[in-house]
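Asks: Sequence:
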Amino acid sequence: ITVGTSAPLGLQPGKKLIIKYPLNASEPSKDNGTLVAPARADFSSERFGPVATRNVTRPPQLTVVHKRRGFTTGKEVYPAGGLGRYEILLVFQNNSDSALEDLALHDVVPGTFSLENSSVKSSLSGDIDSSYTKEPAREGTHITWGVGRIEVGERITVQYEIQGDPESEYKVSDAQDYHGATFGEEVDDEPNLPQWADENTRQDESDFSMPEPEPVPEPEP
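Here the working numbering is used: position 123 in the sequence shown is 286, and no number is missing along the way.
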């Protein structure tokens with residue numbers, strides 16, 4: 164980054180020059196746990212004067228936080244005891260690198276059936292006290308179970324029963340369609356605060372690829 168090429172900065176003694184720029188990594192490797200950011204400044208008090216160089220004594224470093232979203236879902240329909248009664252199982256597992264907020268599982272009960280009972284379980288904490296909401300839909304009744312936060316590796320299971328008229332025409336395939344899940348942002352348990360590399364483990368300047376200072380143009384006669 165070069166500044167002050169067209170005119171002097173006018174930086175008075177005791178004043179600061181702050182430069183901010185974004186740093187993005189596309190598909191970073193999970194092997195990189197820490198990134199050290201050394202810096203070098205080349206400056207001159209005169210436009211065509213000698214160039215001085217200063218390096219950062221303790222480079223700042225950042226802990227790399229990987230946020231990859233991943234999850235698996237599933238749905239199964241089983242005949243339950245009694246005619247016209249079926250048991251349905253919804254599964255959502257968080258395979259992301261961080262916890263997720265505001266998880267909700269959705270399903271649709273066919274129009275000729277009614278929801279009898281339901282339960283929500285977590286692979287980490289067991290039974291969850293979760294309520295559900297109902298909304299009329301074209302296919303039947305839209306049911307939403309609000310779960311909330313789901314941890315890394317946690318599996319949420321919703322189990323419920325539906326009851327319908329045994330004389331009515333019904334195909335199990337009508338209830339096997341998965342109607343999805345929604346969730347919010349990733350959870351940052353610990354803030355990624357700036358740190359500084361230890362002076363004892365600081366890498367030598369030759370270990371980093373630094374740009375060479377631009378040559379000073381010759382003054383015009």
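No lab work stands behind these hints, which were simulated from the structure alone.
Everything numeric in this text was worked out from a predicted model, so none of it was measured.
Don't take each hint at face value.
Subject to a maximum C-alpha distance of 25 Å in a straight line, what follows is the list of computed DSS-like cross-link-like pairs (lysine-lysine) [claimed, not checked]:
# : residue 1 : residue 2
1 : Lys-193   : Lys-238
2 : Lys-238   : Lys-183
3 : Lys-238   : Lys-284
4 : Lys-284   : Lys-297
5 : Lys-297   : Lys-238
Asks: If a hint holds in the structure, say so; if it does not, say that too.
Replies: Comparing the hints with the structure gives:
{"no.": "1", "hint": "Lys-193 x Lys-238", "result": "violated (32 Å)"}
{"no.": "2", "hint": "Lys-238 x Lys-183", "result": "violated (49 Å)"}
{"no.": "3", "hint": "Lys-238 x Lys-284", "result": "holds (15 Å)"}
{"no.": "4", "hint": "Lys-284 x Lys-297", "result": "holds (20 Å)"}
{"no.": "5", "hint": "Lys-297 x Lys-238", "result": "holds (19 Å)"}
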